[in-house]
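Peer 1: Here is how the chains run, residue by residue.
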Amino acid sequence: MIRGLETLLAEHPFFKGLEPTYLSFIAGCGANVTFQAGEYIFREGDPADHFYIIRHGKVQREIFAPERGPLPIDTLAAGDVLGWSWLFPPYRRFSDARALELTRAIALDGACLRDKCDEDHHLGYELMRRLAPLAMKRLQAMMLQFLDLYGHARTS
Amino acid sequence: MVMLERPDVALADPMTPRPYRVRRVRRETGDVSTLWLEPVEDAAKRFAPGQFNMLYTFGVGEVPISISGEFSPPGGLMHTVRGVGPVSIALCRSKRGDVLGVRGPFGRGWPIDDASGRDVVIVTGGIGLAPLRPAVEQLLAQRERYGRIVLLYGGRTPHDLLYQRELGRWRSRFDLEVEITVDAASVGWRGYVGLVTTLIPRAVFDPSDAIAFVCGPEVMMRFTVAELQDRGVSPESIYISMERNMKCAVGLCGHCQFGPTFICKDGPVFRYDRVAPLLRTREL
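Top line first, the protein sequences correspond to chains A and B. Each residue of the first sequence is one higher than the one before, starting from 1 at the first, in this note's numbering. Each residue of the second sequence is one higher than the one before, starting from 1 at the first, in this note's numbering.
Simulated from the structure, these hints should not be mistaken for lab results. Think of the CB as a built atom: it goes at the ideal place given N, C-alpha and C, for glycine as much as any other residue. It is possible that part of the hints are untrue.
To be verified - Pulled a few chain A residues facing chain B out of the computed Cβ check, cut under 10 Å:
#  : residue
1  : Glu19
2  : Thr21
3  : Leu23
4  : Ser24
5  : Lys58
6  : Gln60
7  : Glu67
8  : Gly69
9  : Ile73
10 : Leu76
11 : Arg104
12 : Asp109
13 : Lys137
14 : Gly151
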């Protein structure tokens, strides 16, 4: 059975509790996409024109360093969302994102979403209410990640 | 010559180390080694997962080290040690045949019986996997008694992960979910990158009836507990293993006093809700 985008969005934790009319609204900006293992979803500096709702697979965000290669920052998986640079000018990607394994996602058109949020501020509020805690959680996790907690700890 | 007999009471004295011989040493990472110790004379009494021994390097000193396993013949003990000070570095440098002193086992371990019939979530970071290793083995030995078992393990880099062999064995099982994440990795790493707390929201378990065992650096444990509570695990169902400077190991010297408790005899494993206020007291 082929499930529609609205159903897939409703099943994703990011959209949990969102009114069905908004799901339908958002689905109008979306398309199913698939990335093969190793395939880049976007690269640093690319236009941030999509917001990805990960349904299956694993994605690594990386920063490329000359003579060192790609440096992994974090890993996202089913249930996560990828990219928020579509929300704010200059709408450019800050990092690379690469599928570590076969990854299925819903790509939401950033400009389309922004237009809908401008038209309906309640939708904009609902999206920001979901994105802001994620941004906070990731920032907190990264702060701890860079503390090198495991390097200065217990003897056993 | 008068031969002094060593009475049984002396053997039972928790302050008297028993001689154990190093049978094997395995280098886990750059500064962590696992020692296999066999009793030279009588063995210490059977340990519970989560308990610790005081390991004595003669002429150097004594440190508390969690028990990370057992082996045959009965009485064999495994200890995983990170070399950070003179004694622990001396322990890591032990060679096969060396004799060490062992006092213990001490303290309270993981409440494995309380986990019966429930989902079990184990969250650990760095060398915190060492005191949980025997808990995992015990859970797996009676696998049918428990619901889902989830092991979430965080390390500094892929090279800093302990027990690669055991991790491989555990990951190959269908009745145990193992997820590993590291703070930093090179591009060949296929696992997760990020703090171990980031694995909790996506782990599959029933938070309303799960019991959680957490061990790692204290900062990691604080944030792990917060994430588990966000997920819906009750504070009464979360257990953490604490570490402080322990000397006597029997609650006499007071070095490891933690508010009204002593970590050596009332812990090292505590139910989270019973120590939560103490964890927020910076002077402790």
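Peer 1: A separate judgement is required for each hint: does it hold in the structure or not?
Peer 2: How the hints compare with the structure:
{"no.": "1", "hint": "Glu19", "in the structure": "violated (23 Å)"}
{"no.": "2", "hint": "Thr21", "in the structure": "violated (27 Å)"}
{"no.": "3", "hint": "Leu23", "in the structure": "violated (21 Å)"}
{"no.": "4", "hint": "Ser24", "in the structure": "violated (27 Å)"}
{"no.": "5", "hint": "Lys58", "in the structure": "holds (8 Å)"}
{"no.": "6", "hint": "Gln60", "in the structure": "holds (7 Å)"}
{"no.": "7", "hint": "Glu67", "in the structure": "violated (13 Å)"}
{"no.": "8", "hint": "Gly69", "in the structure": "holds (6 Å)"}
{"no.": "9", "hint": "Ile73", "in the structure": "holds (7 Å)"}
{"no.": "10", "hint": "Leu76", "in the structure": "holds (9 Å)"}
{"no.": "11", "hint": "Arg104", "in the structure": "violated (16 Å)"}
{"no.": "12", "hint": "Asp109", "in the structure": "violated (26 Å)"}
{"no.": "13", "hint": "Lys137", "in the structure": "holds (8 Å)"}
{"no.": "14", "hint": "Gly151", "in the structure": "holds (6 Å)"}
The earlier numbered hints that this structure contradicts are 1, 2, 3, 4, 7, 11 and 12.
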